[in-house]
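Engineer: One letter stands for each residue in the lines below.
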Amino acid sequence: MSTTPQVPGTYVFDTAESRRGRALNRLCGSLKHAENRAGFQADEGAYCDAYGLTAEQREAVLTRDWNRMMELGGSIFYVFKLAMLDQRSMQYLGGVFTGMTTEEFTEALRAGGRSFG
Amino acid sequence: MAEVIWGLATSHVPSIGAAMDHGKTADPYWNPLFDGYAPARAWMARHTPDVAVIVYNDHANALDLTVTPTFGIGTAASYQVADEGWGSRPVPAVTGAPAFSDHLVGSLIDDSFDITVYQDLDVDHGLTVPLSVYCPDPGESWPCAVVPLLVNVIQYPQPTAARCLALGHALGAAIRSFPEDLKVAVFGTGGMSHQLAGERAGLINQEFDRMFLDAIEHDPEKLASLTREEYIREAGSEGIELIMWLVMRGALGPRIRRVYETYHVPASNTAAGMVLFENLGR
Numbered sequence: 001m002s003t004t005p006q007v008p009g010t011y012v013f014d015t016a017e018s019r020r021g022r023a024l025n026r027l028c029g030s031l032k033h034a035e036n037r038a039g040f041q042a043d044e045g046a047y048c049d050a051y052g053l054t055a056e057q058r059e060a061v062l063t064r065d066w067n068r069m070m071e072l073g074g075s076i077f078y079v080f081k082l083a084m085l086d087q088r089s090m091q092y093l094g095g096v097f098t099g100m101t102t103e104e105f106t107e108a109l110r111a112g113g114r115s116f117g
Numbered sequence: 001m002a003e004v005i006w007g008l009a010t011s012h013v014p015s016i017g018a019a020m021d022h023g024k025t026a027d028p029y030w031n032p033l034f035d036g037y038a039p040a041r042a043w044m045a046r047h048t049p050d051v052a053v054i055v056y057n058d059h060a061n062a063l064d065l066t067v068t069p070t071f072g073i074g075t076a077a078s079y080q081v082a083d084e085g086w087g088s089r090p091v092p093a094v095t096g097a098p099a100f101s102d103h104l105v106g107s108l109i110d111d112s113f114d115i116t117v118y119q120d121l122d123v124d125h126g127l128t129v130p131l132s133v134y135c136p137d138p139g140e141s142w143p144c145a146v147v148p149l150l151v152n153v154i155q156y157p158q159p160t161a162a163r164c165l166a167l168g169h170a171l172g173a174a175i176r177s178f179p180e181d182l183k184v185a186v187f188g189t190g191g192m193s194h195q196l197a198g199e200r201a202g203l204i205n206q207e208f209d210r211m212f213l214d215a216i217e218h219d220p221e222k223l224a225s226l227t228r229e230e231y232i233r234e235a236g237s238e239g240i241e242l243i244m245w246l247v248m249r250g251a252l253g254p255r256i257r258r259v260y261e262t263y264h265v266p267a268s269n270t271a272a273g274m275v276l277f278e279n280l281g282r
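Order-wise, the sequence lines are chains A and B.
Just so it is clear: in the first sequence, position 6 is 6 by the UniProt record's numbering, and no numbers are missing.
Just so it is clear: in the second sequence, position 192 is 192 by the UniProt record's numbering, and no numbers are missing.
Be aware that one or more of the hints could be misleading.
[To be verified] Interface residues of chain B toward chain A, partial, derived using beta-carbon atoms under 8 Å:
{"hint": "1", "residue": "ALA60"}
{"hint": "2", "residue": "ASP64"}
{"hint": "3", "residue": "VAL265"}
Hints listed in this document are in silico derivations from the structure and should not be mistaken for laboratory results.
Cβ atoms here follow ideal geometry from the backbone N, Cα and C, with glycine treated the same way.
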């Protein structure tokens, strides 16, 4: 039985998620090196295969399904490196995660952030 | 003997560093935050330490998920600024304090804190942004040497808040037992409330942050008693970084003076807080 906290609307990245997302996070982490970014961009599918992504992870990466990447064990600090390669900001991702446009999400932060409970 | 002269707690959001690196600190978006830093920076510039112990976490740059040490200390003579995937920040490399690091590692392990040792470490925004909050224009080199102290905050289970405060107590004792007359600053970094992913992305809990800013001075034991679940629920999945402030607080003595604080929303997706304490001794 997992002791990991269950917090609604929140990914708690634990050791089990880290195991599940291992290949995906390794791939995203590799993109900090310029030569790997070039390799990824030359053939994204082959790069995913070289890192041993599951079929679901591969599909999520190729289609830039950011929510799906998070559901498949992605860590935001790793997945963000793929977003940056696409010149996507953390505000863009915040919008994707919450169903808002980037502008709406940014404005919500400027207005003091989003409140819960 | 070495002594802790001040402690600084500050958010380490990468965009704070980017705003400085790209000359945007006077922009309306950033101006309130940097105005808030100014008095603390002026005070710190008059109280330059020999060494700063900077408590922070790496963000998929020097470390990956192959090995996740709970606590670690750098023991190198120097630390390069990490290329996080879009070029290194244009700031000086960081000079280490290896003999002091060796002493801290030995003292902490004798005190039953089983520290991981880093002989090679590139330091990312988690360490360099707090240095820039302290010293915006370092020129060719930072004003002091640095000992990086790393905490796992990105993979559950993180250390408990209570363990972080206890580490701070042990760190303070370790610093004071170093036989040279060093002036030491301790930085606690990260936070304040924020959550980057999930349906709650964009969470900011100002009520919790204000409580934390007050209690870090007056009642750190209360903050140490909060569970990891409470930190994640109240401050967000990344707001749990606040446990690193407790390491700094523990290293200070019971008698401290709040020199200055500032709090601003937002810095990128985060509530940015900064509080500076002068250590008044034991």
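Engineer: With a cut-off of 8 Å, does the beta carbon of ASP64(B) approach a beta carbon of chain A closely enough for the hint to hold?
Structural biologist: Result: holds, 5 Å to nearest chain A Cβ.
Engineer: Hint ALA60(B) vs chain A: min CB-CB distance below 8 Å?
Structural biologist: holds, 4 Å
Engineer: Go through the hint on VAL265(B) and say holds or violated, using the shortest Cβ distance to chain A against 8 Å.
Structural biologist: holds, 6 Å
Against the hints set out earlier in the document, no violation occurs for any number.
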